[in-house]
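For the record, the sequence lines run as chains X and H. Sequential numbering from 409 applies to the first sequence in our numbering. Sequential numbering from -11 applies to the second sequence in our numbering.
Calculated directly from the structure, the hints in this document are not laboratory data. Note that this is a predicted model, so its numbers are computed, not measured. One thing to keep in mind: the hints can contain errors.
[Claimed, not checked] BS3-like cross-link-like pairs, simulated, lysine-lysine; straight-line CA separation at most 27 Å:
| hint | chain 1 | residue 1 | chain 2 | residue 2 |
| --- | --- | --- | --- | --- |
| 1 | H | Lys254 | H | Lys310 |
| 2 | X | Lys537 | X | Lys559 |
| 3 | X | Lys537 | X | Lys549 |
| 4 | X | Lys818 | X | Lys688 |
| 5 | X | Lys559 | H | Lys14 |
| 6 | X | Lys559 | H | Lys254 |
| 7 | H | Lys310 | H | Lys283 |
| 8 | X | Lys543 | X | Lys559 |
| 9 | X | Lys559 | X | Lys492 |
| 10 | H | Lys67 | X | Lys818 |
| 11 | H | Lys14 | X | Lys492 |
| 12 | H | Lys254 | H | Lys283 |
| 13 | X | Lys549 | X | Lys559 |
| 14 | X | Lys880 | H | Lys14 |
| 15 | H | Lys283 | H | Lys396 |
| 16 | X | Lys688 | X | Lys537 |
| 17 | X | Lys806 | X | Lys688 |
| 18 | X | Lys818 | X | Lys880 |
| 19 | X | Lys492 | H | Lys(-1) |
| 20 | H | Lys254 | H | Lys166 |
| 21 | X | Lys806 | H | Lys(-1) |
[Stated by the list, open to error] Computed far set for chain H versus chain X, every beta-carbon distance over 12 Å:
| hint | residue |
| --- | --- |
| 22 | Pro4 |
| 23 | Asn5 |
| 24 | Arg12 |
| 25 | Pro49 |
| 26 | Gly56 |
| 27 | Glu60 |
| 28 | Pro78 |
| 29 | Arg156 |
| 30 | Arg294 |
| 31 | Thr296 |
| 32 | Glu307 |
| 33 | Pro376 |
Just so it is clear, CB atoms sit at the ideal spot from N, CA and C, and this is done for glycine as well.
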Amino acid sequence: MNALTDERLLYRGSEWDFETLRRIHDACEEIALGEMGLNVYANRIEVISSEQMLDAYASTGLPLFYKHWSFGKHFAQHEALYRKGLRGLAYEIVINSDPCVSYVMEENTATLQALVIAHAAFGHNHFFKTNRIFKDWTDAKGILDYLEFAKNFVARAEERYGETAVERTLDAAHALMNQGVHRQRQRRVPDLRSEEQRERERREYDEQRFNDLWRTVPGKQQAHVAPSDVERRRALLQLPQENLLYFLEKSAPRLAPWQREIVRIVRNVAQYFHPQRQTKMMNEGCATYTHYRILNRLHEQGRISDGAMLEVLHNHSSVIMQPEFDDPRYSGINPYALGFAMMQDIQRICEHPTEEDQEWFPEIAGCGDAMPVLRDAWAEYRDESFILQFLSPHLIRKLRLFHLNDDSGKPALRVDAVHDERGYRRVRQALARQYDPAWTEPDIQVVDVDLSGDRRLIVEHRVLHGRALEEKEARLVLRHLAFLWSYDVLLKEVDPNTGATLREHAVAPPRD
Amino acid sequence: MEILDRRLNPKGKSLPNRQRFLRRAKALIQDAVRDSSAKRDIRGADGGGEVSIPVHGVREPSFSLGEGGQREHVLPGNKEYREGDEIPRPPGGGGGGSGNEGSEDGGGEDSFRFVLTREEFLELFLDDLELPDLAKRRLAQLVDPAYRRAGYTSSGSPANLSLSRTLRNSLSRRIALKRPKPESIAQFEAEIARLEGLGDPDDEIPGLRLLLDRALQRSQRIPYIDPMDVRYRRFEPVPRPVAQAVMFCLMDVSGSMTEEMKDLAKRFYMLLYLFLQRRYKQVEVVFIRHTHEAKEVDEETFFHSRETGGTLVSTALEEMRKVVEARFPPAEWNIYAAQASDGDNAAGDSTRTARLLLEHVLPAVQYYAYIEVGRDGEHGMPGFPRGPTDLWRTYEQLVVAGAPMAMKRVRHRRDIFPVFRELFRKRGLTEEASA
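Please model the entire structure based on the sequences and the hints provided.
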């Protein structure tokens, strides 16, 4: 077969033009939608230069964003690393929006563009559109408009109130960004119609069950307890509240309206990114699995040449490289590697199950077609639950995973479980917890405000497993919190089991 | 699906962010810049380059879990461990999984490195310095006209035609003279055509035709663009003072000058060169070194080759006078001179030196700086217990008499910058400080 004359090839060599991109996209689409049954937003592919890629990096990958010095800092950092050749640039950036925007670099070869389009424009895109957490928490249609609004709002605020004032508010809000997300759906404010309906249903139920006899049964006198002051206050302020930015936006007494709006903008951006942090591994796994499958299929169909396929495999294998724990390059578990391995493993279980798989995964083992299983997993799970549900003994053995317990009270680390019959479930559970924000991030809540006294804000950190906050950082953040609250702030670190206070940090608002 | 080419979109989108960052970390970066300038050579000093600042200065704090407590890690690649094995804690405490804990912004490192452009570098480096007032003495003598935008004119060359101004005038004239718009003419025509089609029931066509003719005539009489509308951008010549400077570096290279002393001198020259380069388009440097005789040399020889002999400062001044006469007429050049020496001079040369300086050198230069270098620790006590050197005494008399020169002692690398800043500090500041 002569590669130069083969009519089926999508492109030859490494050069590409816009027509090539279109052909590649259409070929990928055929496989992604036709064979894999993916469900994607319309695609928009934007070609950018490496300089623009650095720009995009600096503002956390968003195409337009308000101005803040920290983005300048990130830019300077990336630029220094890139110039010295210590770090390459990503081949693409993809935005969770509708239409789904993928940025591809002009330096990429035609093969890389194919890889990137399959990876981002179909893999990530499908995940963004179908995953439950993304559907619940982000608004893909509105995000670009919202960013535009945020950018203009901040720029106007800078003009009216001065760059320094805006910067200070942004700094403070950024420091609390991780505590600026709702993890549960907010309690819905009752409206009249649904309240009436509920009342009616309750009355009907009471009438059905009415029996006059109950009135004659002797019982304890029901003492009607009036809610205490504390309870009333906490109900009024919707406390306890884990979303610090939301609390400040709604209740901080001395914020100017524009400051409230800025706090709200930062909170909304944090909320927009929250699903990405919970599904990083699955999202990358989904994209990697998709590009691997699409490009292999294109190669089978003779639409990309053998040489191009080798380039694909070379890039693919460096993306999913997982150094072992004692390797100097080890820096945590590579989300691409674990995600891809788990999805390949699911495919294996569906197509060629072993006896062990039959026992562990009776619902899916041997069902033949992996795609429905994967599509369901991509839609309904997040990293933590995905591992808990689908990490198989076979994969635990393959990665030789082991579980280490590190108790600072003891002189040595202890191996708690390894990849054997006794350890599978424990390793799986521990790995899942490693991906659970509830375990890895500090649990910090606003618990009370001294309304009748000096308006002191009381924040509580519930210390899990004896892991207290890093003190210096905590004080810096508290200073920002006190600035937004504009009265004293007290952070208590509390042991949730005993209720004892372990440490306290009190910070006064900056005077000026 | 759509494919968009964004490559031609404006670049440098994060430039405003970068400026905000530089402003924010200004004090830190300024320190870093001054540090890093200690390692460069004179001409290569202006290239911008990498600086590193302590990371805590630009930290973005967030709540994070500290050391201690119970942690769990799941790691890949087990080799020989079995359940229940105890592993000694690796040094550093973080355990095998410390990689997970690294913060996103690379906050694990102690310093933050990045690259400054040349402009940013010099801006920070020479932030609040200025040339002494006396530099103005000759600035305005030779003029070199430059052109500057200055409003509009009704005559000029086609290249300077201002389209927007011209069309604005034309539009206001057309409105003022009620020139019929093309649309209204088209409307008349359409109306006539429509009525013709209907057979003209109300006999309106002749009236309309009259109106149409009038409109056509009027639009011909009143042109779209009249010569009186046309405007050109006007440029005005402004005299610009000549902006070229020459810097004389004079140095004693006799045996008594050690490498250390020469290094101090070099640092001072470097600062001066940078500073002049900021203020003048073109800066020439002349290196003159002397023992008991003086010679103009290149930079390499100036700093690195060794020479033996006595010390006669006057020879260097004589050489400088010759070079000035031959190549740098003071009327056209701003001349700066900096002399570095350990203060030794042959007995009996002082008078000659003072006379040369007073009569030939000082009248020609804008500023004359004398740096006396000494070794750190050479003199046990602060000050010079050995007493002022010959040269210092000689120059001191001149300064007291009001000559335009400055003199300072430098004994350590860390003195260079303060001394330089003192010599060139803004006048207003000095007076306030001393008042």
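Verification of the hints:
1. Pair hint Lys254(H) plus Lys310(H) holds up; C-alpha atoms about 23 Å apart against a cutoff of 27 Å.
2. The straight-line distance between the Cα atoms of Lys537(X) and Lys559(X) is roughly 25 Å, inside the 27 Å bound, and the hint therefore holds.
3. With a C-alpha separation of about 11 Å, the suggested pair Lys537(X) and Lys549(X) falls inside the 27 Å cut-off, and the hint holds.
4. Only pairs whose Cα atoms come within 27 Å are accepted, and Lys818(X) paired with Lys688(X) is rejected, the gap being roughly 33 Å.
5. Between Lys559(X) and Lys14(H) the alpha-carbon distance is near 25 Å, which keeps this suggested pair within the 27 Å criterion.
6. Simply put, Lys559(X) and Lys254(H) have alpha-carbon atoms about 49 Å apart, too far for the 27 Å limit, and the pair is violated.
7. Among the hinted pairs, Lys310(H) with Lys283(H) is consistent with the structure: their alpha-carbon atoms are about 11 Å apart, no more than 27 Å.
8. A distance of roughly 24 Å separates the Cα atoms of Lys543(X) and Lys559(X); the hinted pair therefore holds under the 27 Å criterion.
9. Restraint check for Lys559(X) and Lys492(X): the C-alpha separation of about 32 Å exceeds 27 Å, so the hint is violated.
10. Proximity of Lys67(H) to Lys818(X) is assessed by CA-CA distance (about 23 Å); at most 27 Å being required, the pair is judged to hold.
11. Proposed proximity of Lys14(H) and Lys492(X) is supported: the alpha carbons are some 24 Å apart, at most 27 Å.
12. The suggested pairing of Lys254(H) with Lys283(H) holds, with an alpha-carbon distance near 18 Å, which does not exceed 27 Å.
13. Between Lys549(X) and Lys559(X) the alpha-carbon distance is near 17 Å, which keeps this suggested pair within the 27 Å criterion.
14. Proximity of Lys880(X) to Lys14(H) is assessed by CA-CA distance (about 23 Å); at most 27 Å being required, the pair is judged to hold.
15. At roughly 25 Å between alpha-carbon atoms, Lys283(H) and Lys396(H) fall within 27 Å of each other, so this suggested pair holds.
16. At roughly 15 Å between alpha-carbon atoms, Lys688(X) and Lys537(X) fall within 27 Å of each other, so this suggested pair holds.
17. The straight-line distance between the Cα atoms of Lys806(X) and Lys688(X) is roughly 22 Å, inside the 27 Å bound, and the hint therefore holds.
18. Between Lys818(X) and Lys880(X) the CA atoms are separated by roughly 25 Å; this keeps the pair inside 27 Å, and the hint holds.
19. Simply put, Lys492(X) and Lys(-1)(H) have alpha-carbon atoms about 21 Å apart, close enough for the 27 Å limit, and the pair holds.
20. The suggested pairing of Lys254(H) with Lys166(H) is violated, with an alpha-carbon distance near 76 Å, which exceeds 27 Å.
21. Under the criterion of a C-alpha separation no larger than 27 Å, the hint pairing Lys806(X) with Lys(-1)(H) is inconsistent with the structure, at around 47 Å.
22. For Pro4(H), the shortest C-beta to C-beta distance to chain X comes to about 5 Å, within the 12 Å cut-off, and the non-interface label is violated.
23. Look at Asn5(H): its CB is around 4 Å from the nearest CB on chain X, not clear of 12 Å, so calling it non-interface is violated.
24. Once the 12 Å rule is applied to beta carbons, Arg12(H) is inconsistent with being away from chain X; the minimum gap is 5 Å.
25. Consistency note on Pro49(H): stated as away from chain X, yet its beta-carbon is not over 12 Å from all of that chain's, at 4 Å minimum.
26. Annotated as non-interface, Gly56(H) brings its C-beta within 12 Å of a C-beta of chain X; the closest such distance is 4 Å.
27. Its closest Cβ contact with chain X, about 5 Å, brings Glu60(H) to no more than 12 Å, contrary to its assignment away from the interface.
28. The non-interface label for Pro78(H) is inconsistent with chain X: the shortest C-beta to C-beta separation is roughly 8 Å, within 12 Å.
29. For Arg156(H), the condition that its CB be more than 12 Å from all CB atoms of chain X holds, with the nearest at approximately 28 Å.
30. Even its closest Cβ contact with chain X, about 38 Å, leaves Arg294(H) beyond 12 Å, as expected for a residue assigned away from the interface.
31. At roughly 45 Å, the least C-beta separation between Thr296(H) and chain X is larger than 12 Å, which holds for a residue marked as non-interface.
32. The beta carbon of Glu307(H) sits about 44 Å from the closest Cβ of chain X, which is more than 12 Å, so the claim that it is off the interface holds.
33. The non-interface label for Pro376(H) is consistent with chain X: the shortest C-beta to C-beta separation is roughly 48 Å, beyond 12 Å.
Hint compliance for this structure: hints 4, 6, 9, 20, 21, 22, 23, 24, 25, 26, 27, 28 are broken, all remaining hints hold.
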